[in-house]
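Each chain, letter by letter, is given below.
Number of protein chains: 2
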Amino acid sequence: MSEWFETTDGLWAALWDALRDGVADARHPARRPTFATVSPDGWPEARTVVLRTADAQAAALTVHTDLQSDKIKSLQANPRGALHVWVPEKDLQIRLQGHVAIASGDAIRPLWAEIPDHAQQSYGVIPAPGTPIPEALDYVKAPDPATFAVLNCAVTQVDLVHLGKDHRRAQFSRVRHWQGQWLSP
Amino acid sequence: MSEWFETTDGLWAALWDALRDGVADARHPARRPTFATVSPDGWPEARTVVLRTADAQAAALTVHTDLQSDKIKSLQANPRGALHVWVPEKDLQIRLQGHVAIASGDAIRPLWAEIPDHAQQSYGVIPAPGTPIPEALDYVKAPDPATFAVLNCAVTQVDLVHLGKDHRRAQFSRVRHWQGQWLSP
Numbered sequence: 013m014s015e016w017f018e019t020t021d022g023l024w025a026a027l028w029d030a031l032r033d034g035v036a037d038a039r040h041p042a043r044r045p046t047f048a049t050v051s052p053d054g055w056p057e058a059r060t061v062v063l064r065t066a067d068a069q070a071a072a073l074t075v076h077t078d079l080q081s082d083k084i085k086s087l088q089a090n091p092r093g094a095l096h097v098w099v100p101e102k103d104l105q106i107r108l109q110g111h112v113a114i115a116s117g118d119a120i121r122p123l124w125a126e127i128p129d130h131a132q133q134s135y136g137v138i139p140a141p142g143t144p145i146p147e148a149l150d151y152v153k154a155p156d157p158a159t160f161a162v163l164n165c166a167v168t169q170v171d172l173v174h175l176g177k178d179h180r181r182a183q184f185s186r187v188r189h190w191q192g193q194w195l196s197p
Numbered sequence: 013m014s015e016w017f018e019t020t021d022g023l024w025a026a027l028w029d030a031l032r033d034g035v036a037d038a039r040h041p042a043r044r045p046t047f048a049t050v051s052p053d054g055w056p057e058a059r060t061v062v063l064r065t066a067d068a069q070a071a072a073l074t075v076h077t078d079l080q081s082d083k084i085k086s087l088q089a090n091p092r093g094a095l096h097v098w099v100p101e102k103d104l105q106i107r108l109q110g111h112v113a114i115a116s117g118d119a120i121r122p123l124w125a126e127i128p129d130h131a132q133q134s135y136g137v138i139p140a141p142g143t144p145i146p147e148a149l150d151y152v153k154a155p156d157p158a159t160f161a162v163l164n165c166a167v168t169q170v171d172l173v174h175l176g177k178d179h180r181r182a183q184f185s186r187v188r189h190w191q192g193q194w195l196s197p
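Protein chains in written order, with the working numbering: chain A, 13 to 197; chain B, 13 to 197.
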């Protein structure tokens, strides 16, 4: 009987377990991955996002955001994202890359209706996020389904590193049908 | 008396306190930021790094890496990096961007000599990091000062978000001499 991190199948399963735990449990580290994009002028950017869904079958993830946020401008210019999570209890580093499609408007109105009132507060602020303001609190929250957006990330590549007594690193890609490949760590 | 997060000066001080704590304390969240770069083919990338120094006066950070790692190829093509840390005890999100210079060879030999033996193990592996290998452990560690590199990051921009009862967001940039500017969150 091998440990989960000794096979690429075990690592792959641990990846989706962690992402599902993140969706289900607000305190799990995979709940708040770091999401990296490239700005329109070519700078790397990184910020915390909240993971909303993780579909192992489709290898797809979703994140919610404000349609006026900087990451939308970046994704419109370069629709590629990277997600990073460190899972301490598994000594596992998760790195994903994927194509990101932005959904908003009528298509996601049913989703908006399901979001609790207090959470709707996270979408819509006046002035728009990132606008300079004279004082820290010179803004108002203005929950608005028109500024709510869903980022649909179709994962194309995954890189997992298990930091154990020995380090193990494996890569998985959609074009190789997620068949794992060991890499030198 | 205001809280530290109620002034841009207070946020700026909290930033460098956190980074210094990260350098000094292996268990502090700022010890292991997420470092984002842009790959030569334009993909965002993110991975954990270990923060080695943080100089508030110069607004400069350093990270050590293996000269054969992917992030070196990325930084050679696009010498810009972004660093992201979430500091739970302060409800503070730190986002930095900066120009990254790669130092290696004789210039940093004195630094290599100061690294404990067990830590030198992190620099130098055969085959090079990211090389496909048949089995998970088909590699050998080969500590080698020739593959040791220091990333010197000259910060150009900082974005801080404090998630409190009210959210506060401030931006700081080198060109504005780090004078804080409130932003809509």
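Think of the hints as simulated: they come from the structure by calculation, not from any bench.
Treat the hints with care, since some could be wrong.
Any copy, or any two copies together, can satisfy a pair, since identical chains are not distinguished.
What the hints assert, rightly or not - In silico DSSO-like links for lysine-lysine, alpha-carbon gap of 27 Å or less:
id, residue 1, residue 2
1, K177, K102
2, K102, K153
3, K177, K153
Worksheet entry | Within, between, both or neither: K177, K102 at alpha-carbon 27 Å | within (13 Å within a copy, 33 Å between copies)
Worksheet item: Between K177 and K153, at a C-alpha cutoff of 27 Å, which is it: within one copy, between copies, both, or neither?
Response: between (49 Å within a copy, 13 Å between copies)
Item to complete: Check K102 against K153 for me: Cα-Cα at most 27 Å, and say if that holds within a copy, between copies, both or neither.
Response: between (38 Å within a copy, 23 Å between copies)
In summary, this structure violates none of the numbered hints.
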